[in-house]
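Work out the full structure: start from the sequences and follow the hints.
Spelled out, the chains give:
6 protein chains.
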Amino acid sequence: MKVVTLGELMMRLTPPNYSRLVQATEFQAVFGGGEANVAASLALFGHKVQFVTKLPENELGTCAIRHLEQQGVQTEFIARGGERIGLYFLEQGISVRPSQVIYDRKHSSFAKACQGDFDWEEIFVGADLFHTSGITLGISDKAREIALTAIKEAKERGITTSFDINYRSKLWGLEEARPAIKSILPYVDICFGGYLDAVKILEINSPVSGKDKAGLYQDLFQQLCATYGVRKVICTFRETLSVTRHSLTGYLYSRGESILATESQTFDILDRVGGGDAFAAGFLHAHLSGWGDEDGLNFALGASVLKHTISGDANLATEKEIQAFVADEGVGGIVR
Amino acid sequence: MKVVTLGELMMRLTPPNYSRLVQATEFQAVFGGGEANVAASLALFGHKVQFVTKLPENELGTCAIRHLEQQGVQTEFIARGGERIGLYFLEQGISVRPSQVIYDRKHSSFAKACQGDFDWEEIFVGADLFHTSGITLGISDKAREIALTAIKEAKERGITTSFDINYRSKLWGLEEARPAIKSILPYVDICFGGYLDAVKILEINSPVSGKDKAGLYQDLFQQLCATYGVRKVICTFRETLSVTRHSLTGYLYSRGESILATESQTFDILDRVGGGDAFAAGFLHAHLSGWGDEDGLNFALGASVLKHTISGDANLATEKEIQAFVADEGVGGIVR
Amino acid sequence: MKVVTLGELMMRLTPPNYSRLVQATEFQAVFGGGEANVAASLALFGHKVQFVTKLPENELGTCAIRHLEQQGVQTEFIARGGERIGLYFLEQGISVRPSQVIYDRKHSSFAKACQGDFDWEEIFVGADLFHTSGITLGISDKAREIALTAIKEAKERGITTSFDINYRSKLWGLEEARPAIKSILPYVDICFGGYLDAVKILEINSPVSGKDKAGLYQDLFQQLCATYGVRKVICTFRETLSVTRHSLTGYLYSRGESILATESQTFDILDRVGGGDAFAAGFLHAHLSGWGDEDGLNFALGASVLKHTISGDANLATEKEIQAFVADEGVGGIVR
Amino acid sequence: MKVVTLGELMMRLTPPNYSRLVQATEFQAVFGGGEANVAASLALFGHKVQFVTKLPENELGTCAIRHLEQQGVQTEFIARGGERIGLYFLEQGISVRPSQVIYDRKHSSFAKACQGDFDWEEIFVGADLFHTSGITLGISDKAREIALTAIKEAKERGITTSFDINYRSKLWGLEEARPAIKSILPYVDICFGGYLDAVKILEINSPVSGKDKAGLYQDLFQQLCATYGVRKVICTFRETLSVTRHSLTGYLYSRGESILATESQTFDILDRVGGGDAFAAGFLHAHLSGWGDEDGLNFALGASVLKHTISGDANLATEKEIQAFVADEGVGGIVR
Amino acid sequence: MKVVTLGELMMRLTPPNYSRLVQATEFQAVFGGGEANVAASLALFGHKVQFVTKLPENELGTCAIRHLEQQGVQTEFIARGGERIGLYFLEQGISVRPSQVIYDRKHSSFAKACQGDFDWEEIFVGADLFHTSGITLGISDKAREIALTAIKEAKERGITTSFDINYRSKLWGLEEARPAIKSILPYVDICFGGYLDAVKILEINSPVSGKDKAGLYQDLFQQLCATYGVRKVICTFRETLSVTRHSLTGYLYSRGESILATESQTFDILDRVGGGDAFAAGFLHAHLSGWGDEDGLNFALGASVLKHTISGDANLATEKEIQAFVADEGVGGIVR
Amino acid sequence: MKVVTLGELMMRLTPPNYSRLVQATEFQAVFGGGEANVAASLALFGHKVQFVTKLPENELGTCAIRHLEQQGVQTEFIARGGERIGLYFLEQGISVRPSQVIYDRKHSSFAKACQGDFDWEEIFVGADLFHTSGITLGISDKAREIALTAIKEAKERGITTSFDINYRSKLWGLEEARPAIKSILPYVDICFGGYLDAVKILEINSPVSGKDKAGLYQDLFQQLCATYGVRKVICTFRETLSVTRHSLTGYLYSRGESILATESQTFDILDRVGGGDAFAAGFLHAHLSGWGDEDGLNFALGASVLKHTISGDANLATEKEIQAFVADEGVGGIVR
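Chains as they are written, first to last, in UniProt numbering: chain A, 1 to 336; chain B, 1 to 336; chain C, 1 to 336; chain D, 1 to 336; chain E, 1 to 336; chain F, 1 to 336.
These are computed hints drawn from the structure, not numbers from a lab.
What you are looking at is a predicted structure, and each value in this text was computed from that prediction instead of being measured.
Be a bit skeptical, because a hint or two may be false.
Chain copies aren't distinguished; within one or between two, either way the pair holds.
[As the list claims (entries may be wrong)] Only pairs whose alpha carbons sit at most 16 Å apart, straight line, appear in this in silico EDC-like list of lysine to aspartate or glutamate:
| no. | residue 1 | residue 2 |
| --- | --- | --- |
| 1 | 48 | 263 |
| 2 | 152 | 122 |
| 3 | 320 | 59 |
| 4 | 182 | 117 |
| 5 | 320 | 156 |
| 6 | 106 | 83 |
| 7 | 320 | 57 |
| 8 | 200 | 176 |
| 9 | 213 | 121 |
| 10 | 182 | 145 |
| 11 | 170 | 83 |
| 12 | 48 | 76 |
| 13 | 170 | 57 |
| 14 | 48 | 69 |
Structure follows, in C-alpha cells:
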C-alpha cells in the first residue's frame with residue numbers, strides 16, 4: 001500500500017551512556033520525528049512510504065535524507081530550502097532520573113515552509129493512507145496550514161486519514177492547541193489520542209468516575225467520534241514503574257465498541273522515544289493489511305513494546321518479530 | 001591438573017550498546033566457542049589447559065591464538081591452515097527483545113580439518129581430563145570424526161572424558177544429531193545435558209508426569225546413564241524472566257542419586273553467551289579438585305551466574321570470587 | 001553561604017561498559033574524593049565553596065583543578081607540589097558481580113602535605129561551614145594532623161563543622177581508626193555516620209535488641225552526641241537487592257529526637273560512587289538554607305538517590321530536580 | 001541517465017586508528033565493492049543507478065541493502081539467498097607500513113549466484129550504461145558467466161558498456177584471469193586498465209623502451225583497442241611516496257589519440273580503498289554528461305584524489321566539490 | 001592583568017576521524033568563539049579574564065559556562081536568557097579536501113541580547129584590556145550596538161582596546177561589514193587584520209606593486225593607523241600547502257615601523273580553528289606583560305602554530321611551552 | 001633460542017586522538033617498558049622469551065601478565081607482591097608539539113623488589129641471551145642491585161649479555177647514572193648506546209672534530225669497547241624533522257670496524273615509544289640467528305622504523321614484514 005506522512009524531521013543529539021547534558025562532550029546523532037518514525041516503520045513493514053517535509057539545502061539536510069532512504073522511506077517530495085534543520089537534545093534518563101528534552105527547532109526549514117513547497121496533486125497519486133500529528137500543528141502557523149491543506153486534499157481523494165494528537169507542552173500551550181486540534185479532527189478517520197487529550201484539549205466532559213477505566217474511555221471516545229466523525233480512536237495506557245521500566249497496554253474504540261489488548265506488557269526500556277509512533281505505525285499496518293481491530297491492537301502494542309528496546313527514534317522490529325513477540329515465542333533465549 | 005579441550009574457536013562480532021545488526025557500523029570482536037570457553041575458565045582456575053583446534057594461517061588466526069594465550073590457555077597443538085576462521089554475528093537482545101545469532105562458520109579451517117592435523121599421542125601426554133561438545137559433532141563430518149577419535153584415544157588412556165550435548169538447531173537437525181550424539185556417549189564419563197536433550201535427541205521416554213521435577217529428571221538420567229555408561233549427568237534449569245533477567249538452578253545425577261543446587265539464583269544479565277560453558281568448567285574444576293558433587297554443583301552454578309555479568313564469551317570470575325558468591329559474601333557493596 | 005571542605009582529590013580510572021579490570025584496554029577518567037564531591041554538590045546548589053587539598057605541579061594536577069573549576073568549586077587554596085596525584089581504579093560491578101576498587105593513593109601530594117601548605121587564617125575568612133571526613137584522617141599521619149588543625153581552627157572561629165566518619169577498611173584498620181575518629185569528634189557539630197561506625201569504631205554499646213531499628217539508633221546516637229558534644233547525627237540505611245539495585249532510607253538524630261525519611265526509595269544504579277557524599281551535601285545544603293531537619297533529611301535522601309543515576313563521583317542533580325523527585329513529580333515521563 | 005552496475009558487495013571490517021589486525025578488539029564496518037562503489041558515486045552525481053548482486057536473506061544482507069539505499073543506489077534487482085555475505089578485513093597501513101587485506105569472500109551468495117537470479121530483460125529497461133569489472137570475473141565461474149551474459153545483453157540493447165580490468169592476485173592467478181578478461185573485452189566500449197594489465201593479462205607486446213611513458217601507453221592501448229574493438233582506455237599512473245602519500249595522474253587513449261590529465265596531484269591519504277572506482281565513476285559521469293575526454297579525465301582524476309581523503313569505500317565528493325578541486329579553488333581554507 | 005572580552009560562545013559539533021557531515025552518526029562537542037578563545041588563552045597565561053556574552057537558561061547554556069570555567073575564564077557577567085545557543089557544525093578537511101562550516105547561530109541568545117543585559121560600569125572595574133572582533137559586529141544589529149557601546153565605555157575609562165577584524169563571509173556581506181568595521185576602528189588601539197581587510201573592507205588603496213611584501217603592508221597599515229588612530233596592526237601571512245599543512249609568519253606595524261617574525265613556520269595541522277585567536281591572545285599577553293613588539297610577535301606566532309596542533313577551539317599551550325617552541329628547544333623528542 | 005630480559009613493566013595511559021593531558025577524559029591503556037618491549041619483539045620473532053620483573057598481587061598486575069602472555073612472552077618467573085604497578089602518562093605530540101611523559105613509577109613493586117624475589121639459577125636454565133637496560137639501573141637501588149646480580153650470573157654461565165644504556169633524565173641525574181652504568185658495562189657483550197651516552201655518561205673524550213660522523217663514532221666506541229671489554233656497540237642516528245616525522249639510520253662498531261646501515265629512512269610516526277627497543281630486539285634477533293652484522297643492522301633499522309608505525313609499546317612487525325621492508329618490496333600498495 002502507498003502511504004504519505006507529513007511532519008518535521010529533526011536531528012536528535014544524545015549524549016552517550018546516560019551522560020547528562022551538562023557533562024556532554026559528544027553526541028550521538030540520529031534523525032527522527034513523529035511522522036518520520038511512522039514512515040520508517042511502515043516502510044519496514046513493506047509499504048511504499050513517502051515522507052513529506054522541508055529540509056535545508058546543506059549537508060545536514062542531505063544527511064537527514066540519506067537516513068530516511070536507508071530506512072527505505074521515499075524522499076522525492078521533500079522540499080529543500082530554508083534556514084536550518086530542527087534539532088533536539090535528548091538527555092536519556094535512567095532509574096529515577098527523568099529524561100530531558102531541549103528543543104531547538106524554531107526557525108527550521110519546515111516551520112517556515114509554505115504551501116507552494118508541496119504539490120499534493122502529485123504527492124497523493126495512488127496513496128491509500130495519509131498520516132500526520134499534532135506536533136506538526138504546533139510547529140508554526142505555516143506548518144499548521146500545510147497540514148490542514150494536506151488532510152483536506154487527502155480526504156477529498158478518499159484517502160484514509162490518520163492523526164496522532166501528540167500534544168507537546170514544550171511546543172505550544174493548551175489555549176493554542178485546542179482550536180487547532182479541533183479544526184483538523186473533522187478530517188480524521190483514525191485518531192491516536194488518550195484520556196488527557198480528550199479532556200484537556202477537546203474539552204469533552206469526563207464521564208462520572210463510578211465506572212471502570214474501559215468504561216470511562218468508552219464514554220469519552222464515543223463523544224469524540226460523535227462530535228468529529230472520527231472512525232476509530234486508539235491509545236495506550238502507560239504506567240511508569242521507573243524511568244526505564246514501564247507497563248503498557250492498548251485500547252481501541254470503534255463503532256461503539258471498546259477493545260483492550262489481550263495482554264499488558266511490563267518491560268525495561270533502552271530508548272523511550274518513538275514508542276508512540278511505533279504503536280501508531282503498528283496499528284496502521286494492521287489496518288492497511290485488513291486485519292481485525294483486535295489483532296491490530298495487539299500488533300500495535302507489540303510493536304510499541306519492542307520499539308522501547310531499540311536505540312534511535314525508529315522502530316526496527318520486523319513484522320515477523322512483532323508477531324513472534326505477540327505470540328510469546330522464544331522471548332528469553334538466543335536462537336543458535 | 002592437565003586438561004585438553006577440542007572444538008572450534010570463532011570470532012564473535014557484536015554491535016555495541018545493544019545496537020541491532022541492521023544498524024551496525026562497528027563490531028566488538030572477541031573470540032569464543034564452547035570448548036575454548038571451558039578451556040579459558042579452567043586455565044583461570046589454575047589448570048594447565050591445551051585447547052585443540054585448527055585455525056587459518058593468517059592474522060585472524062594469529063589474533064585468535066593471542067587471545068587464547070592472554071587467557072592462559074596453551075596453544076601448541078593448534079593446527080594452522082585451511083580457508084578461514086569461523087565467525088558469528090551476535091545481536092545482543094535486551095528486555096523483551098531476543099538475542100540473534102548469525103553463524104558464518106561453514107568452510108572454516110576446523111570444519112575442514114583432517115585426522116592428520118592432530119597427534120593425540122602427543123596431545124594426551126599427562127592429561128587428566130578431555131572435554132568436547134555436541135557443537136563439534138555438528139560442525140562437519142570431519143570434525144565429528146576427529147572428536148570421536150579424540151574421545152576414544154582419551155578413554156583408552158584412562159583420561160576422564162567430559163561432554164556437553166549442547167544441541168544447536170542452527171547447526172544441524174535432530175535427525176542428524178541423534179546418531180552422532182548417541183555414538184559418542186558410550187565414551188563419556190561426565191555428561192552435561194538437559195531434559196530436552198534426553199527426550200528429543202536420545203529418545204529416552206519421558207517418565208510419567210505425576211512426579212515432581214527432580215523425580216522426572218532422576219528417571220530420565222538414570223536411563224541415560226544405564227544405556228550409555230555415563231557416570232554423571234549435570235544440567236541447569238533456566239527460567240527466562242526477560243531476555244536480560246534469568247533464574248538459574250543446577251541439578252546433578254550420579255549413581256542413582258539426584259542433587260539440586262542449594263539455592264537458585266535470579267539475576268540481571270550483561271552477556272549471556274558462555275553461561276553454559278562456565279557451568280561446565282565450574283563443575284569440572286570441582287571434579288578435578290576432588291570436591292564432592294554438591295559443592296561442585298553449587299560452584300558450577302555460581303560460576304555460571306557470575307559469567308552472565310561478564311562481557312565476552314569467557315568466564316573471568318576467579319575461584320575466590322565464585323566461592324564468595326556461593327557463600328553470599330559482600331555482594332552488594334564496594335569494598336574500599 | 002561560604003563553605004570549606006578539606007580532603008584528597010583522586011583521579012578515578014574506570015574501564016567502560018562494565019568491563020573487568022583484567023580486560024581493560026581503556027579507562028574513563030574522572031576526578032573525585034569524598035570532600036571534593038561534597039564541595040561540587042554544594043557549589044551546584046549555589047554556595048561559594050573552597051576545596052582545600054594538595055596536588056602535584058604537573059598536568060594531572062592541573063587537569064584535576066580544571067575539573068573542579070568546571071564544577072564551580074573554587075580552587076585558590078589548593079597547594080601544589082609533592083610527588084603524585086592519588087589514583088584509584090574502579091571496576092564497576094553489575095547484577096550479582098560486586099564492584100572492586102584498587103587504591104593507588106599512597107605517597108600522594110596530599111598524603112605528604114604539611115601544615116605549612118595551608119593558611120587557615122586566610123582560608124576561613126567569611127566561612128560558614130567546614131566539612132571533612134574520616135577518609136582524610138586515614139590517608140596519612142600528616143593528613144590527619146592537618147584535618148585536626150583545620151577543624152579546631154574552624155571551631156575557634158565559630159564555623160559550623162561537619163564530619164563524615166566514612167570508614168574505609170582498605171585505608172586503615174579499626175585499631176588505627178578508633179583513636180583518630182574519637183579525637184576529632186569533640187570538634188564536630190554535624191556528624192554523618194551509621195550503626196557500624198558507632199559500635200565498631202566509637203565502641204558505643206549497642207542497645208538491647210528488643211527495640212526496633214529506630215529505637216536502636218536513637219539509643220546509640222544519643223550516647224554518641226552525649227559523649228562527644230555532637231549536635232546531629234545523620235545516616236542512611238542501605239539494603240542491597242543486587243549490586244545495581246539498592247533500597248535507601250535516611251535517619252537523623254538531634255536533641256533527643258529521631259526522624260526517619262518520609263519515604264524509602266528503591267532504585268537501579270548507574271554509578272554508586274559518591275552516593276554518601278551527595279547525601280551529606282544534600283543535608284548540609286538544607287542546613288545552610290535554614291530548612292528544618294525533616295525537610296533536610298528528605299532532601300538529602302533524594303540527592304543521594306539521584307546521584308546513583310549520574311555517572312562520575314559528583315552529584316549533578318540540581319536543587320530543583322531533587323525537590324521534584326522528593327515531591328514525586330514527573331518521574332516517569334519525558335517532558336517534551 | 002540510467003546506469004546498471006553488477007558485482008559483489010562485501011562487508012569491510014577495519015580496525016580503527018591504524019590498529020593492526022592482531023591487535024583488533026573492534027572493527028568499523030562499511031560495505032563496498034568495485035562496482036557498488038561506482039554505483040554510489042554515480043548516484044551521488046545524480047544518475048539513477050541500479051546495483052545488481054546477490055545477498056543472503058539475513059540481517060547482514062539487509063544491512064548491506066540499507067547501506068546502498070542510504071547512498072541513493074537502487075536495489076530492487078538485488079537477488080536474496082545463498083549462504084553468506086562476502087567479507088574482507090582491511091588493516092590500514094600508514095607511513096611505511098603497507099595495508100593488508102584478508103579476503104573472506106568465498107562461498108558468498110554472489111559467488112554462488114546463478115543465471116536465473118537476474119532478469120536482464122527487466123533490469124536493462126531504459127539503461128544507458130552498464131559497468132562491471134574483472135573482480136566479478138574472478139569471484140567464481142558462476143559470477144563470470146553472469147557477467148558475460150549481462151554484458152552481452154547490454155551490448156545487444158545498444159547500452160554503452162564499461163569494464164574495469166581490476167586484476168586482484170588474491171582472487172585468481174594470471175593463468176585463470178587471461179582467458180576470462182580476453183573473452184569479455186570484445187563486448188567492452190570503455191575500458192579502465194593499465195600498463196601491467198595490457199602486458200601481463202592481455203599479453204600485448206610492450207613497445208620498445210626508447211619511447212616516453214605516454215608514447216609507450218599509446219602503442220599498447222592502440223593494440224588493445226584494435227584487437228578487442230574497445231573505444232577508450234583510461235588509466236591512472238600512481239606513484240607511492242609512502243603508504244599514505246601518493247602521486248596520481250590520469251591517461252586516456254581514444255581513436256589514436258592520447259590525453260594526459262592537465263595536472264598530476266600529490267596528496268595525503270585517509271582511505272585508499274575505492275580510489276580507482278572513484279576514478280572510473282568520475283569518467284563515466286563525464287561521459288554520460290557529454291563532456292569531452294580531457295574534461296572527463298581531469299574530473300575523473302579529481303574525483304579519485306578526493307576519494308582518497310574520504311573514509312569508507314564510496315566517494316562522497318560531489319560534482320561541485322570535484323570541479324572546485326579541479327579548478328583549484330579554495331583548497332586550503334575553511335569557508336566560514 | 002584584568003581582561004574583558006565580548007562575543008558569542010557557540011557549541012561546535014564535529015564528526016570524529018575526519019568523517020564527512022553526510023556520514024556523521026556522532027559529533028564531538030566543544031565550545032568556542034573568537035573572543036572566548038582569546039579569553040581562554042589569556043586565562044591560561046595567568047590573567048584574570050571576564051568573558052561577556054549571553055547564553056540561554058538551559059542545560060546547554062550551563063554546559064557552555066562550565067566549559068569556560070574549566071578553562072579558568074570568569075563568567076559572572078554572562079547574561080542568561082533568550083532562545084538558544086549558537087551552534088556550528090565543522091567538517092574537518094584533510095589533505096586536499098577543505099574543511100566545511102555550517103553555521104546555525106541565527107536567533108541565538110547573544111544575537112538577540114540587548115544593551116540592558118550588560119552593565120559595563122561594573123564589568124570594567126579594574127580592567128586593563130578589552131577585546132572584541134568583527135564577528136560580533138556581524139552577528140546582528142543588536143550585537144553590533146553592544147560591541148560599540150562596550151568599546152566606547154572601555155575607551156572612556158582608558159582601557160586598552162583590541163579588535164580582530166575577522167571578516168566572515170558566511171555571516172555578512174562586504175557592503176554590510178564596511179560601515180560597521182569603519183565605525184568601530186576609531187576606538188581601537190590594537191588591531192588584528194590583514195591585507196584583504198585593509199583593501200576590501202577599509203577600502204584603503206593598495207600601494208603600487210613594485211614593492212616587496214613588507215613594503216606593501218607598511219604602506220597599507222600606515223594609512224590604516226593614520227585614518228583611524230589605531231596604534232598597532234598585527235597580522236599573519238598564511239600559505240596553505242594543503243588543507244592540513246600550512247606555513248605561517250607574522251607581521252606587525254607600529255609607529256611607522258614594520259616587524260616580521262624572526263622565523264616563518266611550516267607545520268602539520270590537527271585543528272585549524274582558533275589559530276587566529278591564539279595569535280591575538282599571544283600578542284595581547286606579550287603586550288600586557290610589557291614585552292617588546294618583536295618578542296610579542298614571535299610569541300604570538302608560536303602560540304598560533306602550537307594551537308594548530310591542539311584539538312578544540314582553545315589554545316592549551318602554556319607560556320612556557322610557547323617560549324620553548326620559539327626558542328626551538330626539544331621539539332622532536334619525548335622528554336622522559 | 002631462549003632469552004631472558006629483566007626490567008619494569010608499566011601501565012601506559014595515553015589520551016586518545018592527540019588529546020592533551022589537561023583535556024583527558026579517557027585513557028588508552030597498554031603495558032610496556034624497555035626490556036618488556038624487547039621481550040615481546042623477540043617472542044614474535046620465534047624465540048622463547050622469559051620476562052623477569054615484579055608486579056603487584058592485584059588485578060592490574062594480572063592484567064599486565066595477561067598482556068605479556070598475549071604477546072607470547074613467558075611469565076613464570078615474574079614475582080608478585082609489593083605496593084603498586086608503575087604507571088606513566090603519555091601525551092602524544094604531533095607536528096611541532098612535543099610528546100610529554102609523566103612518570104608515576106616510584107614505589108612500584110619492581111622498584112622495591114629484593115634479590116630473593118628472583119632465582120637466577122632456575123631462570124637462566126638453557127638461556128642464550130640476557131638483556132637489560134639503564135632504565136632498570138635508574139629505577140631504584142634495589143633494581144640496580146638485582147640487575148647487577150643478574151648480569152653477573154648470566155656472564156658466569158656464558159650467556160651472551162646485552163645492555164641498552166637508555167639514559168632517562170626524568171629517572172636520575174648524570175651524577176647518579178655514571179657510576180651505575182660504568183659498573184655494569186664490564187659484564188656487557190652487546191651494548192646499545194649513542195654519542196651522548198659515551199661522552200656524557202662514560203666520560204670518554206670526544207675525538208677531534210675534524211673527522212666525519214662515522215669517524216667520530218669509531219673513535220668513541222673503540223675507546224668504549226677497549227675500556228669495558230664490550231664486543232659490539234650499536235646505535236641509531238635520529239633526525240627529527242617534526243615531532244611526527246623522523247629520519248633514522250643505524251651504526252655498529254665491532255672489532256675495530258664501523259658499519260652504517262645501507263639506507264637511512266625518513267618516515268611519519270604513529271607511535272614513537274618503543275622505537276629503540278624494536279631496534280635492539282631486531283639486532284638481537286639477527287645476532288641469535290647468526291646473521292652478519294650488516295644484515296643485523298639493516299634488520300634492526302627496519303624493525304625500528306616499522307615500530308614507529310604501530311600503536312603501543314611493542315613492535316608487532318613480523319620478521320617477514322621487516323625483511324620485505326628492508327628489501328623495499330611493495331611498500332606503497334595494498335596487496336589484494
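Hint by hint, here is what the structure shows:
Taking identical chains as interchangeable, the C-alpha atoms of residue 48 and residue 263 are never at most 16 Å apart, the minima being 31 Å within one chain and 47 Å between chains. Taking identical chains as interchangeable, the C-alpha atoms of residue 152 and residue 122 lie at most 16 Å apart only when both belong to the same chain, with a minimum of 15 Å there against 38 Å between chains. With identical chains, the CA atoms of residue 320 and residue 59 are at most 16 Å apart between copies only, with a shortest distance of 13 Å across copies and 35 Å within one. For a Cα distance limit of 16 Å, the shortest separation of residue 182 from residue 117 qualifies neither inside one copy, at 25 Å, nor across copies, at 41 Å.
In this homomeric assembly, residue 320 and residue 156 never come within 16 Å of each other (Cα to Cα): the closest approach is 35 Å inside a single copy and 43 Å across copies. Taking the shortest alpha-carbon separations for residue 106 and residue 83, both the intra-copy value of 10 Å and the inter-copy value of 9 Å come in at or below 16 Å. For the identical chains of this complex, residue 320 and residue 57 are inter-copy neighbours only, at 14 Å across copies versus 38 Å inside a copy, given an alpha-carbon limit of 16 Å. In this assembly of identical chains, residue 200 and residue 176 lie within 16 Å of each other by CA distance solely inside one copy; the values are 12 Å within and 50 Å between copies.
Taking CA atoms no more than 16 Å apart as the test, residue 213 paired with residue 121 passes in neither setting, with 43 Å inside one copy and 60 Å between copies. For a Cα distance limit of 16 Å, the shortest separation of residue 182 from residue 145 inside one copy, 14 Å, qualifies, whereas the shortest one across copies, 45 Å, does not. With identical chains, the CA atoms of residue 170 and residue 83 are at most 16 Å apart between copies only, with a shortest distance of 13 Å across copies and 21 Å within one. Taking the shortest Cα distances, residue 48 and residue 76 sit within 16 Å of each other both inside one copy (12 Å) and across copies (13 Å).
Taking the closest pair of Cα atoms, residue 170 and residue 57 come within 16 Å of each other only across two copies (15 Å); inside a single copy the shortest separation is 27 Å, beyond that limit. For a Cα distance limit of 16 Å, the shortest separation of residue 48 from residue 69 qualifies both inside one copy, at 12 Å, and across copies, at 14 Å.
In summary, the structure is inconsistent with hints 1, 4, 5 and 9 from the numbered list given earlier, while agreeing with the others.
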